[in-house]
Amino acid sequence: MKYDDDWEAWCNIMPGARRSIMVTGCCELPRAGYRLELRQTERPPFNPKILELDVIVHEPSSPRPQVITHERATCFEYTEVEHDQVHVNPDGPVIKVQLAR
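Per the working numbering, the sequence shown runs over residues 1 to 101.
It should be emphasised that the hints constitute simulated quantities derived from the structure, not laboratory data.
None of the values given here were measured: they were computed from a predicted structure.
Backbone N, C-alpha and C define an ideal beta-carbon position, used for all residues, glycine too.
There could be a bad hint or two in this list.
Unchecked claim - Cβ-Cβ distance ranges computed for the label pairs, FRET-style:
#1 P63 / Q85: 37 to 43 angstroms
#2 S62 / I13: 42 to 48 angstroms
#3 A32 / E82: 37 to 43 angstroms
#4 N12 / E59: 21 to 27 angstroms
#5 N89 / M22: 23 to 29 angstroms
Generate coordinates for the entire structure from the input sequences, incorporating the hints supplied.
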């Protein structure tokens with residue numbers, strides 16, 4: 001798996017809305033049929049202003065063409081924290097969080 005360069009993160013802090021964060025990006029995979037999931041890392045955060053996410057790769061259950069594909073991973077969570085950065089694990093990008101006001 002290889003991370004593409006299009007990863008983005010937004011924190012919604014608009015008045016009257018429940019605070020939330022959205023993270024999205026693509027990964028290059030060696031064949032068709034993979035599915036990606038972004039999940040908050042289970043270990044306690046070193047810095048609460050940094051959201052740590054793990055990319056979970058679900059392999060296809062049946063034979064698929066060996067063609068390089070790009071799959072999107074997305075995470076949406078409600079949060080009480082105004083995150084500054086998102087770290088994508090393993091060995092993924094560090095993303096500066098944009099604020100939606």
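How the hints compare with the structure:
The supplied range of 37 to 43 angstroms is met by P63 and Q85, whose beta-carbon atoms lie about 39 angstroms from each other. Distance hint check: the CB atoms of S62 and I13 are about 44 angstroms apart, consistent with the given range 42 to 48 angstroms. Between A32 and E82 the Cβ separation comes to about 38 angstroms, which falls inside the hinted range of 37 to 43 angstroms. Distance hint for N12 and E59: a CB-CB separation of about 33 angstroms, inconsistent with the stated range 21 to 27 angstroms.
Taking the beta carbon of each, N89 and M22 are about 18 angstroms apart, not inside 23 to 29 angstroms as hinted.
The earlier numbered hints that this structure contradicts are 4 and 5.
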